[in-house]
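Which chain is which? The protein sequence lines are A and B, in order. Going left to right, the first sequence walks through residues 138 to 489 as our numbering numbers them. Going left to right, the second sequence walks through residues 204 to 583 as our numbering numbers them.
Please note that the accuracy of each hint is not assured.
Unchecked claim - DSSO-like mimics (lysine-lysine), calculated; alpha carbons at most 30 angstroms apart, straight line:
id	chain 1	residue 1	chain 2	residue 2
1	B	Lys285	B	Lys260
2	A	Lys355	B	Lys458
3	B	Lys582	A	Lys357
4	B	Lys582	A	Lys413
5	A	Lys225	B	Lys582
6	B	Lys282	B	Lys582
In case anyone wonders, no lab produced these hints; they're calculated from the structure. Model, not experiment: these values are computed from the prediction.
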Amino acid sequence: MANMAQAIRMALHVGETRLGVTDIFGQDVGAPLGGVFTATQGLKTAWNTPLDERGIIGTAIGLGLAGQRCVAEIQFADYIFNTIDLLKMAGNTYWSSNGQYNLPIVVMTPVGAGIRGSIYHSHSFDAWASRMPGWKIVMPSTPLDAYGLMISAIKDPNPVLYLNPKALMRVRGEELIPGEPADEKELKAMIDKPVDGRQANWKPRWPELEEYEVPIGKGKITREGDRATLVSYGRMLLLCNKVADILREEGIDIEVIDLRSIYPYDWQLIKSSVQKTGRVLFVNEDTEVTNFGEHLAYRATMELFYELMARPRVLAGKNVPGIGLHPNLEEATVPQLEDVLRETRELLAEVP
Amino acid sequence: MRKSTEAKKATSAKELKKASKGLPKAVPLKKVTASRTANGKKKNGAPTVISKVTLSKQLQLQIFELMVKARVLEERLIKVYKAGDSYFWIGGAGEEAFGVPLGLLVHKGHGPEYDYLHLHYRSTPTLVALGMPMTDSLRLMMNRATDPCTGGRNFCNHYCFPQWNVVPVTSPIEVQYGMAIGTAIAQKRMKSKGITIVTGGDAGTAEGDFASCLIWSTRPGNELPIFITVQNNRWGISTPYDQQHGEKYIADRGKAFGMRTTVVNGNDPIETYLAIQSEMEYIRKTGKPVLAEFYVSRLYGHSSASGANREPGECPIELFEKKLVDQKYITTAEVKEMWKRFEEESRIAADQVRQEPVPTRESIWDHIYVGNENADWRKF
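Isolated chain B (complex conformation):
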């Protein structure tokens, strides 16, 4: 696969192998494949046969294209940061095989009749799959007045799109596990087809909000339609998983509540697509929650605070590309062309956004209270 210029320096196979020494021990992915089949029935003796079920060629290519688009966008954000056009980068390079299928499977719309998305700052692939134009992500990255999510107020990838029920992303991501209870209660009350989807990282599950979500969503007679997901990249900022957790699988914590749980190889988009589809069906049908843990990669570190350089780790796009090329669904030349096309789109988008206006100083007083009611005590 193609990589951005700055990424190339650190990504030869040899260097990656060398850099991998001393990293937290990776969980063998074979053992963590989904423990249920696509129809939700448990098979005797995991690993499961889920990866034998497959998706249409057209869908696989659609997923691949969106994964590439999301990665190019994320790498563009990093370039914008490195060029000094923004102050900070934090994002989801490495989570494409989870995020894109999620975005494609969401019942997209506004209000409790549709799915709610409590996302985090590694959810760019989901937004790309939902249809977010690159310009909007770059407006947020470059804190422009035109930024539709926050008006230039928040970090990159802190999305907010009410038209798709993407509620505001917060820097402490685990708080979304608590807020998800509320949107799910609204959906349950109106017997909606919509469900609540909440994402978070492995480290944040140590916070009490994660326990709140498990406890509140499984009370007998009051079960809630929440798809509780954890993107486990085996890191909490700079601290490896083993220094933060003793439990083998985070998903196992759901078992104490009698809830359905699953552990999925989040670097295989076919597996994640089938798993998400099956779990969503279960939640829509039963109104009960599912706890799903997806093993994903974190390819550029936690944030620009650690340099935002390519780091060792399995690349879901490289793996998927190989599969697609092997199956002759796509040629290497076509893949290259695809990367080039998105690179061009992202470059033009960045150039455009760079010209757009920045927030005015007076705008700090906007939107503190509804209707721009005065919030400045000097004017009371």
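Next comes chain A alone, as it looks inside the complex:
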């Protein structure tokens, strides 16, 4: 079973060999490092840039204007903020040119807390990203989805922002990527660069991979239930799954939706689930004020008000300027398992 870093790497390999990707680039993306999470190791079109996020996004736009397909990386989402007007521009290029120039570009960046990353390696970007019309925004929670979403992102003719939860980069999935060897040691021997002295002439041996796609805009039910709906994505999704598993032991069936795409989002999936359960909690780790979950809660309120048994809730990161390094600080800032469990119990206990 691949981990998420390997899954992204394999999708990029398919991208550069079969889907026309010409450039995979960013700070430390090329050899020797192959990305801080090794997601770009061994790729033939991967190259290193100057430490210049605006240059990276500007270059991606220029490559897109020239009809090239590229995947650009911002090393951590914390460093994407100085490019925000360029992201806005990439999002409006097709619209402002009246449909004359589309940008088939992918920008990927690791997001979120969970690795003791302190103030500049823990930031989320999903709430910000949801405010960039013209972009599609995706965020996987499993290696298989990471693979399939990257294939879809590369094929998409529009700019796609690919947010990868950094704390999940080493987490293995439960489903095989079509074509990967079942034995994870075999996969490692094939595509992971050795850390000892053998790396000088190292080349990966890629498995025969299939072009498995996860359609952008389609969510997935990861736990079925009829008592309440938890909607999440990325790292927080795994906490929601755990909460559902804990409550199932108590005889309470919770439905969990992995949204996978933040924009466009799978409203029909949320709607049908909430119509069934009457209770919904939106969970993510971006800061809580003007949070994407608030938009979903607003929509649930407006469209499903008379079918609800409880107020729609949002559980998100505290509205503080950063994620403090000490575990007490990080854990008090971004939702933890016990927070999701507590909110879910309160949601279940609410009497209309």
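Given chain A, work out where chain B should sit, using these hints.
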């Protein structure tokens, strides 16, 4: 030269002299003429002999005619604004001696095999030289549904013509220095004859994107074929050059990167033509970038926000007209006739465009995603 009615009021020589008081000190143009000759070899001791090389009579007249056409068009845009037929004007009156030669020298076409143009909102002369009809500029000015560049969505002179690799002009102009890296990488990879041309103003070079362009385009082994140009009009909106810059020449910043640089009198179309031609040849031949600074005039202020009235400054068309008349290439009467002809063309074009349809309200949802894929969350 002829000027538009509203321009006449403020443009007597006396008034201009008076108005010039307190302006940022102009750089003596003699000292900033191109520091290289037409064949690209550095001469000992600038100023250079470039202006002694000359162009054919036919080419000079072609350039002059396009300069006049571009100016008439720009002044028509101003009239359209003042008549209340548009909301805003910003444009390139005063940059004709740079923009027209650039447009004539571009390898014009679509895709990385041809030159990419990362222009800004003072690039009308370049578009006129490329062959843009006046009607298209006026459609953009009057935000008509027929506007081929933006469908009535953007300000005037924010052009976009994929058939000529004119990528969308953006209101923050310096961002194009960063985007130029991308188009140039595509061209370098396919060993194209095409180069990337990026334009910008002196003020915008303070942004990091300008540094990005210098840094990325000069990395050893990864040099990029970019013609990095700065149209220095000594203003950043309302702030004079000396309050924004300490460097004597912006082009000098390229020297730190070992790149070829040049400073050109952008008000002399012969000088700019020869300089652009020579620098483009160098870039096509070597695949390496050039940083070129052109001193230009800004004759109607930054935009209509400051009135869009004729302001003091050297007029490149007046200067060139004098040269051509002195050389007996053209008569004053013929020049007058030329202005009249373009005035008439611009008037008819404006009248036509005024009758054309405006964008519908529903069209806000068009072209957010390719194939008009639904972008409205209410319909997800």
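Okay, the hints, checked on the actual structure:
| no. | hint | verdict |
| --- | --- | --- |
| 1 | Lys285/B x Lys260/B | violated, 37 angstroms |
| 2 | Lys355/A x Lys458/B | violated, 52 angstroms |
| 3 | Lys582/B x Lys357/A | holds, 19 angstroms |
| 4 | Lys582/B x Lys413/A | holds, 21 angstroms |
| 5 | Lys225/A x Lys582/B | holds, 23 angstroms |
| 6 | Lys282/B x Lys582/B | violated, 43 angstroms |
Against the hints set out earlier in the document, violations occur for numbers 1, 2, 6.
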